[in-house]
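**Q** Each protein sequence line maps, in turn, to chains V and C. Counting in the numbering used here, the first sequence runs from 1 upward without gaps. Counting in the numbering used here, the second sequence runs from 1 upward without gaps.
Any given hint might turn out to be false.
Beta-carbon label-pair distances, calculated as ranges [what the hints assert, rightly or not]:
1. C:Leu258 x V:Phe22: 25 to 35 Å
2. V:Lys127 x C:Ala105: 42 to 52 Å
3. V:Tyr6 x C:Gly184: 51 to 61 Å
4. C:Glu100 x V:Glu114: 17 to 27 Å
Here are the simulated DMTMM-like cross-link-like pairs (lysine to aspartate or glutamate), alpha carbons at most 25 Å apart as the crow flies [to be verified]:
5. C:Lys221 x V:Glu52
6. V:Lys107 x C:Glu108
7. V:Lys111 x C:Glu100
8. V:Lys107 x C:Glu74
9. V:Lys111 x C:Asp94
10. C:Lys78 x V:Asp256
11. V:Lys107 x C:Glu107
12. V:Lys110 x C:Asp94
13. C:Lys125 x V:Asp54
14. V:Lys107 x C:Glu112
15. V:Lys111 x C:Glu102
16. V:Lys336 x C:Glu215
17. V:Lys56 x C:Glu108
18. V:Lys111 x C:Glu33
19. V:Lys336 x C:Asp3
20. V:Lys38 x C:Glu108
21. V:Lys198 x C:Glu112
22. V:Lys110 x C:Glu108
23. C:Lys7 x C:Glu215
24. C:Lys125 x V:Glu95
25. V:Lys260 x C:Glu112
26. V:Lys107 x C:Glu100
27. V:Lys56 x C:Glu100
28. V:Lys110 x C:Asp3
29. V:Lys260 x C:Glu108
30. V:Lys111 x C:Glu112
31. V:Lys110 x C:Glu107
32. V:Lys260 x C:Glu74
33. V:Lys198 x C:Glu33
34. V:Lys107 x C:Asp94
Simulated from the structure, these hints should not be mistaken for laboratory data. Backbone N, C-alpha and C fix where the C-beta goes; we use that ideal spot for every residue, glycine too.
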Amino acid sequence: MNYRPYRFSFAIIAVTAIAAIFVSPQLFDAHYKFRPWKLGLDLVGGSHLVYEIDMKDVPAADRDSVAEGLRDVIEKRVNLFGVSEPQVYRAQSGESSRLVVELAGIKDTKKAIEQIGATPSLYFAKKVEFETDKGEKIPAHQQTALTGRYIKGAQLSFDPTTNTPQISLTFNDEGAKMFGELTGELVGKPLAIFLDDKLISEPIVQEKITGGQAQITGRFTIKEAKEMVARFNAGALPAPITLISQQTVGASLGTDSLQKTLYAGLIGMALVMAFMLLYYRGAGVVAGFALVIYVVLTLAVFKLFGITMTLSGITGFILSIGMAVDANVLIFERSKEERLKGAAPETALEEGFRRAWPSVRDSNITSIITAFVLYYVTTGFVKGFALTLLLGVIMSMFSAITVSRALLRSLTVKS
Amino acid sequence: MYDIIGKKYLFLGISAILFIAAVASMGTYGFKEGIDFAGGTSWQVRITENPSAEAVGEALKEKFGLQEVIAIPEPTTKSIILRLPELDEAMHADYRATLEKEFGAVEELSYEVIGPAVGNELRQKALWAFLGVLIAISLYIAFAFRHVSRPISSWKYGFVTLATLFHDAVIPLGLVAYLGHTQGVEVNTNIVVAILVIIGFSVHDTIVVFDRIRENIRFEKSSSFSFTALVNRSMNQTMIRSINTSLTLILTLAALLLFGSANLFYFVLTILVGVVIGTYSSIFVASPLLVLWNRR
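Make the full structure from the sequences, and use the hints.
**A** Written as structure tokens, this is what we have:
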């Protein structure tokens, strides 16, 4: 026999040991930070928002670039929230263009939704007098056509005399023209500036301003001023969007579910191992050992590829533990049969592997078909289930055929 | 050796009764659609004062003039799950404010809104996934058994697989419809995934039996053997392993059901029932159907 089962078994065990350290380095060093687990929104808490882009007024040829531009603007806005690794990606569904925003660990979803959807709502207003039914004259503000849409960029600066923060706005060409006309009309009169419907300053216009530059000095802190500048620079949304679905999970629910599911998974695994041990004795011990190797290697693959672990993903993986020993069951039963026919242990083992293979192959291929269909038709959290199931099936085929065969060969040759 | 084929009408009869009961349950009760299909809002809240679910439901119903508010207590997290019409963010804030005013501090464990357009889409996708998996697996079986043509052709194996899998999907769906009526269990994406997992797993045992039939036919020297006897022998040879492979999955499912997260209880239960039915059908339905078809 030129094949060396000992050496192969030893290699597998060594690889598994390394994988185990990689999967759970915290067992050895609590502060280890290399490639941490990626946990899904349903486990760490967070929001999954789906927006529909209104492409009604966008010519067909421009739709792609508008959607891309929109994604960029929203990504810039989302980056301001300070959540770790926010995700903004496009999704197409039939005729409709969508944008998906994922914010892990966000505390205030309401505010995030407001800021994502907000046009930086800045507008300039004139002071007018408004006459009531009783003939009283009430001063009021009348919004002009000049709004945040015409702003090209913004900068934070400081008033040289008072040293208070101020925002310098640069208008685009159209905005500069409008601003020039507006200031020309209002010389000697107040020009009000509203941000998010709040009056932030109302300076008296000294002269017509034609350069397309304006300064806003208001009573805001440096932090507020910085936020506003960032919002102006992120720009306006190139097409209107509507929130069509949202899923928000609080962190406490996620932690609770994760603990329970992991606990259930461990119990399930122990039960499967106990069953294999009781029913198949010596071979069952090997199957149990191969199962541990399967679990460790599969988790290492999940971690290595940076697969996001969701609750449904973990559940899919736990189900795959129950299926992973199936190939072993088929092989052991087959070997048993061969032994009853009078074959030597080694021959019985080889025959078992050889003749159980077609059914192991066919059943795994059907599982792969199922996982593929699931992956392509589902969205969001459920996709994780399909992915872990798929990888689990592939890994289990490897562990049942290669790993347990090598281990069993090493043991049989010895006896 | 058990004479399973000899009692085929008994086993097929049991299956037929379960199948008809499931279809009747779906026909009578219909499905309660979850928000991912029907659209709407699902809101899980924990309130410090711990009021009853009914009180919370009534308060919202009264304040916002709603037709019906479904409020289900969730004891393991001491929270309440509310089913509401589709809300926007402003309304969400109003609802929350109302609860805080009536009952005190509110902690939102989860909040999910799905618009009707997305719901329709997900519903369609679910249906396609179901049909896609059924057909793809059946085609694969017909392909995998392509060299087996006597005494019955390979596409018949595929067709019997299709019928068996359909049977395995319908019975748990009937249970879900019944639970929908009695426990308020909803059909959502999770349940669809559960059904697909059942189909994907149930076919394993069918493959084991068919594979044995395939192998035994190959070793049959004479051209005039009894197909019925061969099938019966194949079933007896593989029964223990069919049961054992399912048993390992049943053990993990039982652990998930008893110790796992409450959110996935009905998901796991559906798979568990489906796996049991699937094991039964691959032994007592698939092969008898094959024999019946051959006899015609």
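**Q** Mind checking the alpha carbons of Lys198 of chain V and Glu33 of chain C for me, to see if they're no more than 25 Å apart?
**A** violated, 44 Å
**Q** When you check the alpha-carbon spacing of Lys125 of chain C and Glu95 of chain V, does it fall within 25 Å?
**A** holds, 15 Å
**Q** CA of Lys336 of chain V to CA of Glu215 of chain C, is that 25 Å or under?
**A** Holds: Lys336 of chain V and Glu215 of chain C sit about 17 Å apart, inside 25 Å.
**Q** Would the hint linking Lys111 of chain V and Glu100 of chain C be met if the CA-CA limit is 25 Å?
**A** holds, 19 Å
**Q** Verify the proposed pairing of Lys107 of chain V with Glu107 of chain C, using a straight-line Cα cut of 25 Å.
**A** Measuring from Cα to Cα gives roughly 12 Å; hence the hint holds.
**Q** Quick check: does the Cβ-Cβ distance between Glu100 of chain C and Glu114 of chain V fall within 17 to 27 Å?
**A** For Glu100 of chain C and Glu114 of chain V the Cβ distance comes to about 20 Å; the hint holds.
**Q** Assess, step by step, whether the Cα of Lys110 of chain V is no farther than 25 Å from the Cα of Glu108 of chain C, and give holds or violated.
**A** Roughly 12 Å between the alpha carbons, so the hint for Lys110 of chain V and Glu108 of chain C holds.
**Q** Sort out whether Glu33 of chain C lies within 25 Å of Lys111 of chain V, counting only the CA atoms.
**A** Cα-Cα ~31 Å, so violated.
**Q** Given the hint that Lys260 of chain V pairs with Glu108 of chain C, test it: the Cα-Cα distance must not exceed 25 Å.
**A** Roughly 20 Å between the alpha carbons, so the hint for Lys260 of chain V and Glu108 of chain C holds.
**Q** Under the criterion that the straight-line Cα-Cα distance not exceed 25 Å, is the pair Lys111 of chain V, Glu112 of chain C satisfied?
**A** Between Lys111 of chain V and Glu112 of chain C the Cα gap is close to 16 Å, so the pair holds against 25 Å.
**Q** Could you grab the alpha-carbon distance between Lys111 of chain V and Glu102 of chain C and see if it respects the 25 Å cut-off?
**A** Holds - the C-alpha atoms of Glu102 of chain C and Lys111 of chain V are around 24 Å apart, at most 25 Å.
**Q** Hinted pair, alpha-carbon criterion (25 Å max): Lys7 of chain C, Glu215 of chain C. Please report holds or violated.
**A** holds, 24 Å
Going down the numbered hints, you'll see the structure goes against 5, 17, 18, 21, 27, 28 and 33, while the others check out.
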